[in-house]
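Asks: Read off the chains here:
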Amino acid sequence: MFYRFTVGTRATEELVDITDKVSHFVRESLVQNGMCVIYTPHTTAAVTINENADPSVRRDILKGLDALNLSKVRFEHGEGNSPAHIKSSLIGCSETVIIRDGRLALGTWQGIFLCEFDGPRTREVSLTIMG
Amino acid sequence: MFYRFTVGTRATEELVDITDKVSHFVRESLVQNGMCVIYTPHTTAAVTINENADPSVRRDILKGLDALNLSKVRFEHGEGNSPAHIKSSLIGCSETVIIRDGRLALGTWQGIFLCEFDGPRTREVSLTIMG
Amino acid sequence: MFYRFTVGTRATEELVDITDKVSHFVRESLVQNGMCVIYTPHTTAAVTINENADPSVRRDILKGLDALNLSKVRFEHGEGNSPAHIKSSLIGCSETVIIRDGRLALGTWQGIFLCEFDGPRTREVSLTIMG
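Chains as they are written, first to last, in the numbering used here: chain W, 1 to 131; chain Y, 132 to 262; chain E, 263 to 393.
None of these hints come from the bench; they were simulated from the model. Values in this document were obtained by computation on a predicted structure and should not be read as measured data. Glycine included, C-beta positions come from ideal geometry on N, C-alpha and C. Please note that the accuracy of each hint is not assured.
[Claimed, not checked] Below, computed lysine to aspartate or glutamate pairings styled on EDC-like, alpha-carbon distance capped at 20 Å:
#1 W:63 x Y:207
#2 Y:194 x E:338
#3 W:63 x Y:249
#4 W:72 x W:13
#5 E:325 x W:79
#6 E:325 x W:66
#7 E:325 x W:76
#8 W:72 x E:338
#9 W:63 x Y:210
#10 Y:203 x Y:144
[Stated by the list, open to error] Chain Y stretches covered by chain W per the calculated footprint, using a threshold of three residues with CB under 8 Å from any CB of chain W:
#11 222-229
#12 245-253
Go ahead and model the full structure; you've got the sequences and the hints to work with.
Replies: Following this line, the structure appears as structure tokens:
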């Protein structure tokens with residue numbers, strides 16, 4: 001089963017909680033046991049799983065990535081967004097989550113986030129669900 | 132096929148070799164060719180694959196992550212464990228390993244590690260095996 | 263379906279575009295819809311997805327990883343390649359890409375790269391394709 005949706009980001013850097021959207025499609029797929037691949041087809045965005053209870057965690061993740069001081073490096077790429085490309089490769093453009101009893105087997109504190117590193121833009125997210 | 136086990140970590144930060152446990156469940160699944168997703172449902176832990184021959188490598192990985200100087204950043208999140216959350220997103224909470232001829236197709240030097248970044252705690256690891 | 267190929271790297275650090283090779287095996291598999299796991303069984307190499315239009319991006323990714331200053335840390339591991347092990351865990355030794363209509367569902371600017379962090383060497387890449 002294959003699904004696709006878009007996310008409109010509103011800042012240069014932002015973590016957008018997409019857990020509810022992914023859960024919706026997992027239910028729609030009727031897959032009871034299997035896995036869901038969450039994939040974003042961009043090179044300056046990423047997908048991660050982290051705490052979605054306290055919204056300060058997602059801001060701290062961006063702060064932590066900024067502390068890597070990538071903005072101080074003299075890069076070659078003409079568009080000036082090399083730090084965003086590197087963050088995309090460090091975090092990764094996909095996550096795989098297990099499906100159990102028709103639901104994403106996320107931990108109590110886990111949510112799924114689209115990471116925007118070069119926005120604001122309209123970003124695509126693809127899901128493949130196999131059972 | 133779905134399996135779950137727990138790992139008791141014994142330090143604030145530690146890489147625990149879980150290769151034998153994962154291999155055990157791969158054999159039990161009787162899957163000959165397919166893949167195994169190793170997933171930890173926590174936001175201050177992670178799963179990685181790296182060298183398990185020389186134990187100094189796993190300590191060096193923790194040292195390398197500490198060299199990112201995340202502990203010097205002034206974070207928002209009240210629990211004081213934001214560096215652990217960031218390390219979790221940098222390493223990632225899952226790995227996917229290919230299964231060939233009934234065995235994990237790991238490289239000669241590769242082992243699977245649960246990464247504890249905010250321990251000691253009891254951590255859960257979930258496996259989904261598809262063939 | 264399982265496939266394997268080798269990549270000869272030519273420098274200490276290098277990102278090698280393997281998109282065409284992976285696409286070739288996806289076509290050969292005749293899988294129309296599913297997923298492809300790209301896996302490298304090494305502990306000082308990795309697999310990432312990033313821009314393959316401007317070749318300066320892949321050099322900038324290596325520059326960005328060098329800016330993490332891992333080469334300044336006093337590591338334990340006797341072989342002197344601990345920074346390569348850490349980069350391997352930060353980027354990760356596999357990627358999962360969705361297959362749609364018999365093709366890799368990569369974004370317009372996305373390519374798949376083998377990351378060499380301790381070369382030059384002959385590196386192996388394994389693919390598992392499920393549909």
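Asks: Hint by hint, which ones does this structure get wrong, listed from lowest number up?
Replies: 8 and 12
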